[in-house]
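Top line first, the protein sequences correspond to chains E and Y. Just so we're aligned, residue 1 is where the first sequence starts under our numbering, counting upward by one. Just so we're aligned, residue 1 is where the second sequence starts under our numbering, counting upward by one.
FYI, nobody ran anything at the bench for these hints, they're computed from the structure. A portion of the hints provided could be inaccurate.
Identical copies look the same in the list; a pair holds intra-copy or inter-copy alike.
Said to hold, decoys possible - Straight-line C-alpha distance at most 35 angstroms; calculated DSBU-like pairs for lysine-lysine:
| id | residue 1 | residue 2 |
| --- | --- | --- |
| 1 | K446 | K91 |
| 2 | K534 | K186 |
| 3 | K351 | K498 |
| 4 | K239 | K313 |
| 5 | K134 | K147 |
| 6 | K175 | K134 |
Number of protein chains: 2
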Amino acid sequence: MTVNEKLEQLRTLMKEENIDVYYIPSDDFHGSEFVSDYFKEREYMSGFTGSAGTLIVTMEKAVLYTDGRYFLQAEEELKDSEIELYRDGSKDVPSINEYLGAVLNSKMTLGFDGRCMTAAKVLGIQKFFESQEKEIQIQAAVDLPEKIWTDRPKLPDSRAFVLRAEYSGKSYLDKLVKVRDEMKKKNADTFVLTSLDDIAWLLNIRGDDVKCSPLVLSNLLITRKQVIFYCGTGEKDDKKLSNIYDYLISNEIVVRDYFAIYEDLTQIEGKVVLADFDKINFTVYELLKDRQVIDVVNPTTVLKAVKNQTEIKNMREAHIKDAVAYVRFLKWFKEQMKSGQQMTELDVAAKLLEERSKMEHFVSESFEPIVAYGAHGAIVHYSPDEDSNCCLGNQSFVLIDTGAHFLEGTTDITRTLVCTKCSEEERQNYTLVLKGNLALGSAVFKQGTTGSSLDMLARKPLWDRGMDYNHGTGHGVGYLLNVHEGPNAIRYRVGSGKNISVPMKEGMITSNEPGLYLAGKYGIRIENMILCKKKEENEYGTFLEFETLTLVPFDLDAIDKSLLSAEEITQINDYHRRIYHTIGKYLSDEERKFLKQITAEI
Amino acid sequence: MTVNEKLEQLRTLMKEENIDVYYIPSDDFHGSEFVSDYFKEREYMSGFTGSAGTLIVTMEKAVLYTDGRYFLQAEEELKDSEIELYRDGSKDVPSINEYLGAVLNSKMTLGFDGRCMTAAKVLGIQKFFESQEKEIQIQAAVDLPEKIWTDRPKLPDSRAFVLRAEYSGKSYLDKLVKVRDEMKKKNADTFVLTSLDDIAWLLNIRGDDVKCSPLVLSNLLITRKQVIFYCGTGEKDDKKLSNIYDYLISNEIVVRDYFAIYEDLTQIEGKVVLADFDKINFTVYELLKDRQVIDVVNPTTVLKAVKNQTEIKNMREAHIKDAVAYVRFLKWFKEQMKSGQQMTELDVAAKLLEERSKMEHFVSESFEPIVAYGAHGAIVHYSPDEDSNCCLGNQSFVLIDTGAHFLEGTTDITRTLVCTKCSEEERQNYTLVLKGNLALGSAVFKQGTTGSSLDMLARKPLWDRGMDYNHGTGHGVGYLLNVHEGPNAIRYRVGSGKNISVPMKEGMITSNEPGLYLAGKYGIRIENMILCKKKEENEYGTFLEFETLTLVPFDLDAIDKSLLSAEEITQINDYHRRIYHTIGKYLSDEERKFLKQITAEI
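Please work from the sequences and hints to get the whole structure.
Pasting the structure below:
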């Protein structure tokens with residue numbers, strides 16, 4: 001079936017349902033960053049395979065919104081269909097809300113599957129309509145593409161497993177006490193938790209339902225007396241539940257069918273409900289209408305971000321494993337380059353995966369690898385695929401942003417490597433980014449300092465020279481969970497409302513990833529993971545600092561020493577010495593010799 | 001009458017009114033930082049003369065809350081009365097709300113003059129009672145001390161004047177259009193404006209109703225059709241109004257009695273009202289109860305913070321005048337010191353005032369001068385008076401934080417001067433503070449950056465060494481208005497709700513004042529005023545920077561050059577060269593020679 005035929009079928013269904021405009025987002029029912037194939041309705045209906053995009057269909061027209069990283073790909077993929085590409089963020093392109101405002105007149109109906117839209121998103125659309133004084137009907141109880149997509153993939157059914165205490169560091173019941181404490185503080189009777197990383201963290205379970213994210217497709221209700229877990233069929237013999245069912249029951253968790261939450265929500269006890277409107281979907285929100293619902297950052301999110309001692313110990317081990325694999329990869333990479341062997345971006349990604357897979361307790365990559373040679377590096381979210389894949393040349397940089405999940409935790413590292421040789425300008429720019437990374441990594445700061453203060457340190461070397469990078473400096477990283485997790489973040493905008501910059505706390509693990517991107521030329525990013533720790537407590541207060549968990553050398557060939565202060569040179573040498581002493585012992589003689597070279601004092 | 005006798009009279013009145021606890025704050029009816037004598041009920045009733053404090057009287061007990069800077073003074077002043085001193089912020093001292101919660105049981109009545117409490121403060125108290133599930137009655141329509149204070153000063157009646165266009169830079173009517181635009185955006189029918197600096201700014205009037213703040217005691221109502229100014233008797237022949245009445249009428253402003261706003265508020269048209277709950281008093285708030293009141297930062301506050309081109313040009317001139325006076329003072333100071341002349345803190349303040357008063361268009365000091373020798377310097381808000389005044393010795397530092405109002409604008413400057421000689425440790429600490437001042441003053445940053453990012457630059461040299469100062473790094477400064485004004489501020493805590501850190505904008509003028517305080521030894525603060533300007537716009541975005549308006553040399557005797565980078569040395573030398581070239585021409589030969597010496601290259 002062509003895309004245009006699918007759209008015609010959709011319009012027929014829209015007419016039957018009296019829907020004037022139908023909206024197809026890219027989300028799953030949980031507001032996840034990455035989704036499994038079952039949820040890719042937008043891709044199925046539009047033919048556009050990028051991860052982010054919104055398809056809006058009226059009786060006369062179909063438009064696809066996507067962002068800068070996908071403009072070229074979307075043009076290509078949409079060219080045989082009637083769908084018009086709307087380049088989100090470009091001048092003269094209305095925002096999605098403005099577009100909806102333009103195609104919907106009062107009394108008309110906007111339709112979508114309310115389970116695929118967060119409550120916050122729909123409330124935003126409704127608020128926009130109100131500001132335009134338009135009375136738009138919302139029909140959110142329809143999944144029209146479902147009726148067209150006859151060969152739709154099934155819901156993911158990976159076998160969930162229990163994350164043992166040696167990895168989780170804290171029992172489910174201990175965590176539950178903390179969550180119920182937060183509920184009490186807000187006088188809440190019920191807490192509706194639908195974000196998959198929060199559920200996995202709280203229950204100490206993991207799965208494989210989303211690529212690169214070891215999550216379990218599920219929902220959770222916590223009342224004052226009960227905890228109800230909605231997953232699979234809810235039966236012990238369901239493959240999904242088979243390895244965790246007894247564990248759940250022994251913890252007095254009620255297990256029900258994945259979809260049963262939509263029935264249960266109407267009849268839960270209590271009137272005050274906690275829910276995160278950026279996480280619960282609109283259908284859940286509507287079912288809570290008669291309650292007093294308090295919009296909060298999920299208490300689990302806040303608790304999860306502060307790693308416990310076991311998680312911290314394990315995270316250090318995960319980074320040692322990751323570094324051993326990475327150094328082996330680097331040796332291969334530098335040798336290949338030296339000997340003039342042809343090598344593609346995908347080859348690089350494959351080699352890194354190969355080395356990581358050999359390490360004990362490797363689970364999976366923690367996100368789609370970014371290996372970006374030359375100009376590809378300037379495309380911030382570039383990931384190589386069969387079409388874009390290119391051979392590495394001997395000029396410029398290759399930017400490699402990859403990570404792994406181990407049972408001991410999650411890594412996320414970017415190194416920018418010289419391909420044989422680089423220019424003076426390239427070395428200068430690399431060094432400016434490195435200065436930012438060093439400044440943030442060595443920061444000392446008072447308790448109460450937020451990511452917006454810390455961000456300045458990473459950007460200063462660039463800002464001083466009128467340069468910048470158009471992304472955050474740091475994101476929280478989950479423990480064998482999402483590689484991006486809040487609430488900790490390092491960015492200069494302070495946010496607002498419940499998404500305001502939060503103070504950096506002992507135990508939080510965040511990325512430190514300044515960059516620089518020269519369109520059409522190359523990209524630079526240097527990313528370490530940093531653990532927030534207490535430094536000292538004295539008459540001036542409590543001071544915190546970071547420990548860099550990542551243990552992979554910077555590329556010495558890319559450094560312009562003349563731009564570094566004596567202190568920065570010491571920082572680099574100390575870091576490289578620490579790497580050698582920490583991971584040298586896990587390497588063969590030859591590998592260790594290589595490591596010695598690439599960590600040589602400068 | 002003794003304080004105890006006053007309290008007994010108060011208790012008799014409390015009984016008559018069925019009030020169990022009476023609360024006397026230090027505020028005026030406008031939430032002002034400084035208040036005129038009429039409003040000093042707390043001082044009259046308690047005998048404590050400090051600027052900040054709260055007196056809480058029950059039938060059995062009277063307690064006075066004040067903060068750290070006043071502990072010693074309060075002890076002394078309260079010692080002959082029954083009042084017990086509660087050291088706010090000390091361990092084991094309950095917060096004011098907690099204390100109220102302890103002395104008030106359900107159904108009891110808390111009394112105060114609602115005009116002397118901001119709406120936000122009372123709402124906070126009420127919320128606290130709610131969280132304790134206590135039903136406390138509020139009686140806010142009483143001013144009991146009024147009946148005791150027979151020789152109470154009159155309301156201030158200074159003659160207001162119009163600030164001419166050459167100083168204001170923008171007409172009242174142009175400003176009104178902007179304010180009404182903001183009202184429209186919020187769909188507001190009425191804007192209630194009671195903060196005195198906002199009113200003076202909007203109407204382009206000034207007065208002398210509050211010491212060091214050229215304000216006019218008044219209220220303002222802006223509806224869609226009308227602007228009503230409540231001031232004095234509202235009659236042309238009132239001294240207060242005599243010089244501005246015709247101006248007001250010609251601008252179609254209705255003039256009414258100062259107190260008439262309390263009658264008018266009940267009958268204004270329209271249902272949606274804008275008001276800043278941190279500024280309007282509780283009585284005003286209660287009169288708006290039947291309306292839909294939107295709590296906002298006053299739109300005038302936001303508009304006022306971005307100075308126009310005329311104000312900026314004038315502010316530069318004001319700082320030149322201030323610097324000329326300051327250099328003359330410095331010459332006198334250094335000569336006195338050298339010749340071993342006795343000199344007290346008050347002498348220093350008087351000499352500075354004398355030099356400033358000689359400058360054209362001098363209006364007044366912009367706040368009570370802080371001249372703090374040695375250990376006094378470590379008391380952050382110390383101001384010398386007859387009791388505390390001491391002679392300057394020849395050791396350590398004197399910290400001088402002073403400022404002036406000119407028709408061309410307002411200055412606020414702190415210099416920390418060596419008294420003859422200082423120790424190596426003192427020089428090191430001075431230099432660390434200076435490094436912070438230089439880093440902030442030379443910052444380059446992207447549009448959208450808030451004070452919380454910028455704050456890091458000023459604190460980094462101290463934080464790196466486990467030191468800190470317990471105050472903000474910068475506050476907005478008004479134009480011939482309050483020396484402290486929002487919303488711009490430089491501090492690492494990001495705030496919340498409507499008091500969140502705001503982006504620094506072109507035209508904002510802010511202080512840059514890192515410090516360091518060693519209790520019992522000395523204090524260091526170095527404060528310049530900085531103007532935010534555009535630096536460049538390029539492919540990475542718009543970059544901003546600061547121009548340092550203050551033109552007074554740092555004390556070279558206090559600098560430890562070995563702690564400075566080459567860049568910092570250049571910054572100091574460039575700054576001193578700029579000072580010499582800008583103000584040298586206004587000085588006598590001898591003064592210029594002195595300036596040459598104190599701005600010599602290092």
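How the hints compare with the structure:
Taking CA atoms no more than 35 angstroms apart as the test, K446 paired with K91 passes between copies only; the shortest distance there is 21 angstroms, against 42 angstroms inside one copy. In the homo-oligomer, the alpha carbons of K534 and K186 lie at most 35 angstroms apart inside one protomer (29 angstroms), although the nearest pairing across protomers, at 45 angstroms, exceeds that limit. Proximity of K351 to K498 under the C-alpha cut-off of 35 angstroms is found in neither arrangement, the shortest distances being 42 angstroms within a copy and 51 angstroms between copies. For the homomeric pair K239 and K313, the shortest alpha-carbon distance inside one copy (32 angstroms) is at most 35 angstroms, but the shortest distance between copies (75 angstroms) is not.
Only within a single protomer do K134 and K147 lie at most 35 angstroms apart by alpha-carbon distance; the minimum there is 30 angstroms, versus 57 angstroms between protomers. In this assembly of identical chains, the alpha carbons of K175 and K134 lie at most 35 angstroms apart only when taken from different copies (32 angstroms versus 45 angstroms within one copy).
Hint compliance for this structure: hint 3 alone is broken.
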